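J.: Sequence:
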Amino acid sequence: MAKISPYAYGHLPLYFYLTGTYSRFLATGKCLGFPLILLVQTQSFCNGRCSICPYPTVSKQLPQGRMEWSLFQKVIDEAAAEPLLASIVFELHNEPLLDERIFDCVSYIKTKAPGKRVAVVTNGELLDRFSPEDIVRSNLDSLSISLNAHSRETYERINTGLDYEKVMDNISRMLSNPSTRQKTRLNFILTEQNESEVYEATRYWRERGVSTKVSGVTNRAGILENYEKLRPKAGYDSGSGPAAGWRRLKGGVRHALGCHVPFYEMNVLFNGDVLICSEDWNRTTVVGNVATQSLKEIWNSEKANENRRLLLKKKFEQLDSCKECCMAR
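Under the working numbering, the first residue of the sequence shown is numbered 47, with each subsequent residue one higher.
Mimicking BS3-like on lysine-lysine, the simulated pairs with C-alpha atoms at most 25 angstroms apart in a straight line are:
#1 229 <-> 162
#2 212 <-> 229
#3 106 <-> 369
#4 259 <-> 162
#5 279 <-> 369
#6 120 <-> 342
#7 76 <-> 342
#8 342 <-> 162
#9 120 <-> 158
#10 120 <-> 162
#11 360 <-> 76
#12 361 <-> 76
#13 120 <-> 349
#14 360 <-> 349
#15 349 <-> 359
#16 76 <-> 349
#17 349 <-> 361
#18 229 <-> 259
#19 259 <-> 212
#20 158 <-> 229
#21 349 <-> 369
#22 275 <-> 259
#23 369 <-> 275
#24 156 <-> 229
#25 162 <-> 76
#26 76 <-> 120
#27 369 <-> 76
#28 158 <-> 342
#29 156 <-> 120
Calculated directly from the structure, the hints in this document are not laboratory data.
This structure is a prediction, so every number in the text was calculated from the model and none was measured.
Produce the entire structure from the sequences given, and follow the hints as far as they go.
T.: As structure tokens, then:
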């Protein structure tokens, strides 16, 4: 999961939002009144066993389940009325397409808040359960498919348990329909396993008019096994365009202020628990529950803001979800 979100209408809204929320936090100890991006987990299961993901381990250790429709409605009804919120993303420690309601969820959001951008991030294997027409009718804005490889061999090393041919067929089906093609993007998590072919992969797809995004592998707040072996030997040079400039700016912000994810992103699990950060796969820092509290109340709660204060002071050792995380430093 790459943490500078592409779902918020590009980089500038995030830049301006962070400028505003950091200024307010430094002055008052509170963020702006609502997050920029909301991640929602309508169910907690996944059909993959990928090497870059701790799901196979944590799914055996933590409660799993499915969000009640009434709870989903409560979350969206509040979020829809908030002007600061730009994007709602279905991506949080799961495979969103395992929920047969997923595009009904998208439709519900678009009915309540047509101006909010809605994205689904998927491994792509289950796209054949839905027709392009289902996706178009839902008014989904972005369908991001985590491909992570260019060759079958590399794909099967990284995306363990998934069917390469089926995924490629599903991608072809999405790209063959003009309406879903414009919504589709391919994601690549850069690792030691795929670094030799990521340039080739992104060039191949961009030459065919398909948007791509490359992000670095993270250690998932310190719990990803074999992270040091997965880290690429060299970084990915994205060139000198706006995206590269943004990455340099982001790096400067992180060096000066620490990790900024908890300052713009909110994460709601299937049971209503809200995590301080989407990297917190062990759910060590739950700052509230939307079944009994409002999103707005949780966002600027004392518990959430205390975590942010410690992040700004770089006291990572006092933060269970940050002390081993490669993104915190």
